[in-house]
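S.K.: The residues making up each chain are set out below.
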Amino acid sequence: MENFLRIIKLGYKNFVRNRGLTLGATLLMTQTLMMVSVALIVTLLIRDTVETFRSKIDVAVFFRDDAVTDAKIQDLISRIKTDSNVKSIEFYDKNKALAIFGGLALDESIKKPISQDNNPLPRSVQIKTSNPEQLQAFADNLKTSDTDNIICDSCIHLNKDFVSSFTQVTKSIQQAAIALSIFFGIIAIFNVLNIIQITINARRDEIEIMRYVGASNAFVRGPFIVEGILYGIFSAILTTIFLYFAPMLVTNRPDMQDIFGKFGVNIVSYIPEHLVLLICVQLIIGIVIGASVSIFSVRKFLKA
Amino acid sequence: MNEVLQIGSPLPKSAEKPKKTEAIIEFKEAGKSYGHTWALKDATLVINDGEFVSVVGQSGAGKTTLVKLLVCQERPSHGSVFVAGRNLADLKDKELPYYRRKIGVVFQDFKLLPQKTVYENIAFALEVCGVTNVEIKRRADKVIDLVNLGRRIKNYPDELSGGERQRAAIARALIHSPRILIADEPTGNLDPVNTFEIIELLNRINQRGTTILLSTHNRQIVDRINRRVILMKGGKVVSDQQTGKYVI
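Residue numbers (this note's numbering), protein chains in the order written: chain A, 1 to 304; chain B, 1 to 248.
If you're looking for bench data, these hints aren't it; they were derived computationally from the structure. Where hints are given, some of them may not hold.
[As the list claims (entries may be wrong)] Calculated lysine to aspartate or glutamate pairs in the EDC-like style (CA-CA distance at most 16 Å, straight line):
1) A:K300 <-> B:D223
2) A:K128 <-> A:E51
3) B:K137 <-> A:D205
4) A:K303 <-> B:E95
5) A:K303 <-> B:D93
6) A:K87 <-> A:D205
7) B:K154 <-> B:E120
8) A:K56 <-> A:E2
9) B:K68 <-> B:E185
10) B:K41 <-> B:E29
11) B:K68 <-> A:E208
12) B:K111 <-> A:E51
13) B:K142 <-> B:E120
14) B:K111 <-> A:D205
15) B:K236 <-> B:D42
16) A:K13 <-> B:D93
[Claimed, not checked] Computed footprint of chain B on chain A, listed as stretches where at least three residues anywhere in the stretch have a Cβ under 8 Å from a Cβ of chain B:
17) 2-16
18) 195-209
[Said to hold, decoys possible] Listed next, with one range per pair, are the computed distances between beta-carbon atoms:
19) B:R75 <-> A:N201: 21 to 27 Å
20) B:D240 <-> A:R19: 50 to 56 Å
21) A:I182 <-> B:G162: 53 to 59 Å
22) B:S77 <-> A:L5: 54 to 60 Å
23) B:Y98 <-> A:Q197: 38 to 44 Å
24) B:V46 <-> A:R19: 48 to 54 Å
25) A:L5 <-> B:G162: 33 to 39 Å
26) B:D42 <-> A:A202: 55 to 61 Å
27) A:R17 <-> B:N226: 56 to 62 Å
28) B:T37 <-> A:Q197: 38 to 44 Å
29) A:R19 <-> B:S80: 47 to 53 Å
Don't be surprised by glycine CBs; every beta carbon is placed ideally from N, CA and C.
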């Protein structure tokens, strides 16, 4: 135990003593963590945004006005509900349709002719499925199950084209973000490796002395691992501070607020909501990189 | 501190300790080559427990290679080196620290850690081995007293004279109570007064039973020690005199 504490003390002293190198290594490690964190945040953001859009994918079914009773519609709804793929189903009668129409931002000349007494708006149901990719098959199935012919021709609207292309675009952005982060992350890891090697090279005499006086390899390696872990911890703290405050600066601009608002994402609250996850990921990655780079760098001095 | 020796005067008779017959260091046709260059070739010699042996020769004679083989900084290209009956070639990497704790090594450039005080430098040799603080204090006080650095324990190396630095290095080498003390050009950076102080200190350590292997090219000190001298030239042992002088 005394030995373990000595190793920690030595590592901490080295960390504090070599300020220039410590700062350099910590900042480079921060850069690495920033890359990883940005990739993680982009992935999470895109996942949530895509999920939001996916939840909006639905099929709207409009019913013929003539000679179709509400009972028949309810009968069809009951049958649709039995499909396990159906997540939710909402019926819009003529009054509801009118209310929605009234709320649309349309010219009065278009709105005026349509009233309670003269309401050509059809009754409809909006169906959301648990698997939007199967929407087309679901719609086809719906059409064939319409034995009473109550659905008007060409009255099944699949609200999915925009969402599909949006999903495709966001997935591409996500992949590009991850690829870039990996690329820059690798460069940053090499930089960290180099600066830690410089740090260790500067102390080769100390390593040599430790070995001459009979220090075990574990004891020689220990303080450098502690130092590497400290780089990781401090980098994680710096990255977290940056990630916490940077979005506030960006989203203080009203235009940026609009952009994020449209995607249903509050970027300022998003990071605090995921703070624990981010800190954990950064700490783990920082500590693993710091410790493994130190072990790698010190190994050549530990050969007989 | 014991009596101060006059420079050039022979070592006192009391320094002549009866030699033990047990071989503690043994080179058997040991050689070390770097590429096509032989730094040490077919070295065969035996050093008994408790001896004070000076290894002399010009630069490049193979003295430092001999020391490197003894501290396992290098492995022989051929032949074998035995210390206390153990073939060093059989030592596994993980056994090296334990082996090095049994030998003390002193270098020309002292190899003290500049950011540590004299006491910390000396204690460090035990700290790295996991010795308790109480035990470290007890043993450090003893060796500090032996090298007479009691008043300098809180000083940093760059606040010490060359002789004091070397005494601190010797204290650190002795803190493990090693059976062998290897001194590689320990007086190379010292003025004559400090040189003879260090030699006197090594002599006293030898009197306590520690085998001393002194590598040097300083003729004056070898002649004055008047003990066994091994002369090396071109990587070979060319003469071995039981009580000799530095003769080229």
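S.K.: Between K137 of chain B and D205 of chain A, does the CA-CA distance stay at or below 16 Å?
M.R.: violated (25 Å)
S.K.: For the pair supplied as a hint, K303 of chain A and E95 of chain B, confirm whether the alpha-carbon distance does not exceed 16 Å.
M.R.: Judged against 16 Å, a Cα distance of about 12 Å means the pair holds.
S.K.: Quick one, are K13 of chain A and D93 of chain B close enough, alpha carbons at most 16 Å?
M.R.: violated (28 Å)
S.K.: May I ask you to test the hint 55 to 61 Å on the CB atoms belonging to D42 of chain B and A202 of chain A?
M.R.: Violated, since D42 of chain B and A202 of chain A (Cβ atoms, about 40 Å apart) do not stay within the stated range.
S.K.: If you draw a straight line from the CA of K236 of chain B to the CA of D42 of chain B, is it 16 Å or shorter?
M.R.: Since the Cα atoms of K236 of chain B and D42 of chain B sit roughly 7 Å apart, the hinted pair holds (cutoff 16 Å).
S.K.: Note whether the CB distance of R19 of chain A and S80 of chain B lies within 47 to 53 Å or breaks it.
M.R.: Taking Cβ atoms as reference, R19 of chain A and S80 of chain B lie about 48 Å apart, which means the hint holds.
S.K.: Under the criterion that the straight-line Cα-Cα distance not exceed 16 Å, is the pair K303 of chain A, D93 of chain B satisfied?
M.R.: holds (8 Å)
S.K.: For the hint 21 to 27 Å, verify it against the beta carbon of R75 of chain B and that of N201 of chain A.
M.R.: holds (24 Å)
S.K.: Taking 54 to 60 Å as the stated bounds, is the beta-carbon spacing between S77 of chain B and L5 of chain A within them?
M.R.: Given range 54 to 60 Å: violated, Cβ gap about 42 Å.
S.K.: Within 56 to 62 Å or not, the Cβ separation of R17 of chain A and N226 of chain B?
M.R.: violated (47 Å)
S.K.: For the pair supplied as a hint, K87 of chain A and D205 of chain A, is the alpha-carbon distance within the 16 Å limit?
M.R.: violated (69 Å)
S.K.: Measure nothing beyond the straight line between the CA atoms of K41 of chain B and E29 of chain B; if it is 16 Å or shorter, mark the hint as holding.
M.R.: holds (7 Å)
Consistency note: the structure conflicts with the earlier hints numbered 1, 3, 6, 8, 12, 16, 22, 23, 26, 27, 28.
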